[in-house]
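*Asks:* Here is how the chains run, residue by residue.
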Amino acid sequence: MTVNEALFNYSLRLGDNSLILSHRLSEWTGKAPILEEDLAITNIALDKLGQARFLLQYAAQLEGKGRSEDDLAYKRSEREFYNSLLVEQPNGDFAFTMARQLLNDVFDFFLYEELTKSTNEPLASLAAKSLKEIKYHLRHCSEWIIRLGDGTEESHNRIQNSMNELWAYTGELFEMNEIDSILIKENMVPDLSKLKPKWNNMLCEIFEKATLKKPEEGFMHTGSRKGVHSEYLGFILAEMQYLPRAYPSATW
Amino acid sequence: MNKEKQWPLWEVFIQSKTGLPYKHAGSVHAPDAEMALQNARDTYTRRGEGNSIWVVPSDAIIASNPADAESFYEPGNDKIYRHPTFYVMPEGAKHI
Numbered sequence: 001m002t003v004n005e006a007l008f009n010y011s012l013r014l015g016d017n018s019l020i021l022s023h024r025l026s027e028w029t030g031k032a033p034i035l036e037e038d039l040a041i042t043n044i045a046l047d048k049l050g051q052a053r054f055l056l057q058y059a060a061q062l063e064g065k066g067r068s069e070d071d072l073a074y075k076r077s078e079r080e081f082y083n084s085l086l087v088e089q090p091n092g093d094f095a096f097t098m099a100r101q102l103l104n105d106v107f108d109f110f111l112y113e114e115l116t117k118s119t120n121e122p123l124a125s126l127a128a129k130s131l132k133e134i135k136y137h138l139r140h141c142s143e144w145i146i147r148l149g150d151g152t153e154e155s156h157n158r159i160q161n162s163m164n165e166l167w168a169y170t171g172e173l174f175e176m177n178e179i180d181s182i183l184i185k186e187n188m189v190p191d192l193s194k195l196k197p198k199w200n201n202m203l204c205e206i207f208e209k210a211t212l213k214k215p216e217e218g219f220m221h222t223g224s225r226k227g228v229h230s231e232y233l234g235f236i237l238a239e240m241q242y243l244p245r246a247y248p249s250a251t252w
Numbered sequence: 001m002n003k004e005k006q007w008p009l010w011e012v013f014i015q016s017k018t019g020l021p022y023k024h025a026g027s028v029h030a031p032d033a034e035m036a037l038q039n040a041r042d043t044y045t046r047r048g049e050g051n052s053i054w055v056v057p058s059d060a061i062i063a064s065n066p067a068d069a070e071s072f073y074e075p076g077n078d079k080i081y082r083h084p085t086f087y088v089m090p091e092g093a094k095h096i
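So the protein lines, in turn, are chains R and Y. The letter at position 233 of the first sequence is residue 233 when you use the numbering used here, and the numbering goes up by one with no holes. The letter at position 87 of the second sequence is residue 87 when you use the numbering used here, and the numbering goes up by one with no holes.
Heads up, some of the hints might be wrong.
[Unchecked claim] Within a straight-line C-alpha distance of at most 35 Å, the following computed DSBU-like cross-link-like pairs (lysine-lysine) qualify: (1) K198/R x K185/R; (2) K129/R x K17/Y; (3) K135/R x K75/R; (4) K31/R x K17/Y; (5) K31/R x K213/R; (6) K5/Y x K214/R; (7) K23/Y x K132/R; (8) K213/R x K5/Y; (9) K209/R x K5/Y; (10) K185/R x K117/R.
[Unchecked claim] Non-contacting residues of chain Y with respect to chain R, defined by C-beta distances greater than 10 Å in every case (computed): (11) E11; (12) S16; (13) T18; (14) P21; (15) E49; (16) A69; (17) E74; (18) K79.
[Stated by the list, open to error] Covered stretches of chain Y, as calculated for chain R (at least 3 residues, CB under 8 Å): (19) 22 to 30; (20) 33 to 40.
I should point out that these hints are in silico values taken from the structure, not numbers from a laboratory. It should be emphasised that the depicted structure is a prediction, and the values quoted were computed from it without experimental measurement. The beta carbon of each residue, even a glycine, is placed where N, CA and C say it ideally should be.
Generate coordinates for the entire structure from the input sequences, incorporating the hints supplied.
*Replies:* In structure tokens, the structure reads:
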């Protein structure tokens, strides 16, 4: 695999993550618990969509086969998507959505912080821009986690159960393959294993403030690095891709 | 939570540029100050409206009573010497 091919795949990994999480968050639009939160979640979804657009445009350019960001978003099948299993999990209740967001945002925070030092200029500049957004997303969801955890008995149980259930999707975030080794050698991307202690520490601090217990380590789901997904991604793509596939020449 | 199961109301003031006065932008519901600040940010600064926000609990604001308008404001109306209308504006002077 060439550096260019590895970069293409890595951009898809990051881009798909943002795209699918954006789609999940957008499912809250119009039905979040309160108006203010509806706007907040929709804002986050739009930030994620902006990141996805940049990354898929960059991937399309790296590939050089004349595909556009839209082709990559709407005309790839499930097995060609590389987003984490975590972000494709259904929204559940509000606590579940916030728990999923926290686990992802703490990871993204440290990943994008490292990516700002990338020797690859497009990735470094995207990371610098996205990091500002991610910091706010992280602030928003961690404040929610603290309030839910330290709130009523019901809110505490809901957020604790969500965290316990989603924990099994966090092992995969740190998995690396050939793509990572090639790009680490070029100093383009960080070694994910080095992010894990920081990720762990930040989560433990938040859990402590939220009076939550850190979930126990156990079975971890895996597959997305090879394009193997949970049953949910197919349904997301069916909804997201229906229109451009049914009416390929449709425009706004 | 109060009886109506609504979070407390907060008034939002936004400063569009450093040095300019804060202007009332609207209000938000939020359980506490930090969330009020975040809700204000998400609701009122999405299009570059400002770079600084104040949130104030709505019940901390003391408002004048519309029924008092006569005694509050009308006495000023016939004191024309309080109004700066006796000066000739220099030509070309702007923003006075």
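*Asks:* Now tell me if each hint is right for this structure.
*Replies:* To see whether the hints hold, each was checked on the structure:
1. Distance restraint check for K198/R and K185/R: the Cα-Cα separation of roughly 22 Å lies within the 35 Å cut-off, and the hinted pair is therefore satisfied.
2. For a cut-off of 35 Å, the pair hint linking K129/R to K17/Y stands: about 22 Å separates their Cα positions.
3. In summary, the hint linking K135/R to K75/R is supported, as the alpha carbons are separated by about 32 Å, within the 35 Å threshold.
4. A hinted pair counts as satisfied when its Cα atoms are at most 35 Å apart, and K31/R with K17/Y qualifies at roughly 34 Å.
5. In summary, the hint linking K31/R to K213/R is supported, as the alpha carbons are separated by about 30 Å, within the 35 Å threshold.
6. In summary, the hint linking K5/Y to K214/R is supported, as the alpha carbons are separated by about 31 Å, within the 35 Å threshold.
7. For the hint pairing K23/Y with K132/R, the CA-to-CA distance comes to about 26 Å; that is within 35 Å, so the pair holds.
8. Taking the CA atoms of K213/R and K5/Y, the gap is near 29 Å; set against the 35 Å cutoff, the hint holds.
9. For the suggested pair K209/R and K5/Y, the alpha carbons sit about 25 Å apart, so the restraint of at most 35 Å is met.
10. At most 35 Å may separate the alpha-carbon atoms for a hinted pair to count; K185/R and K117/R meet this at roughly 14 Å.
11. Distance check on E11/Y: its Cβ is at least 14 Å (rounded) from any Cβ of chain R, clearing the 10 Å threshold; non-interface status holds.
12. With 10 Å as the threshold on Cβ separation, the claim that S16/Y sits away from chain R holds: the shortest Cβ distance comes to roughly 20 Å.
13. Even its closest Cβ contact with chain R, about 19 Å, leaves T18/Y beyond 10 Å, as expected for a residue assigned away from the interface.
14. Remark: the non-interface label on P21/Y is consistent with the geometry, its nearest Cβ contact in chain R lying 25 Å away (cut-off 10 Å).
15. Separation of E49/Y from chain R is adequate, the least Cβ-Cβ distance of about 14 Å exceeding the 10 Å criterion.
16. Look at A69/Y: its CB is around 33 Å from the nearest CB on chain R, clear of 10 Å, so calling it non-interface holds up.
17. With a minimum CB-CB distance of about 39 Å to chain R, E74/Y clears the 10 Å threshold, and the non-interface call stands.
18. Residue-level check passed: K79/Y sits 45 Å from the nearest beta carbon of chain R, beyond 10 Å.
19. Counting residues of the stretch 22 to 30 of chain Y whose C-beta sits closer than 8 Å to any C-beta of chain R gives 3, which meets the bar of three, so the coverage hint holds.
20. Taking a C-beta to C-beta cut-off of 8 Å, the stretch 33 to 40 of chain Y contributes 4 residues in contact with chain R, enough for the three needed, and the coverage statement holds.
Of the numbered hints listed earlier, not one is contradicted by the structure.
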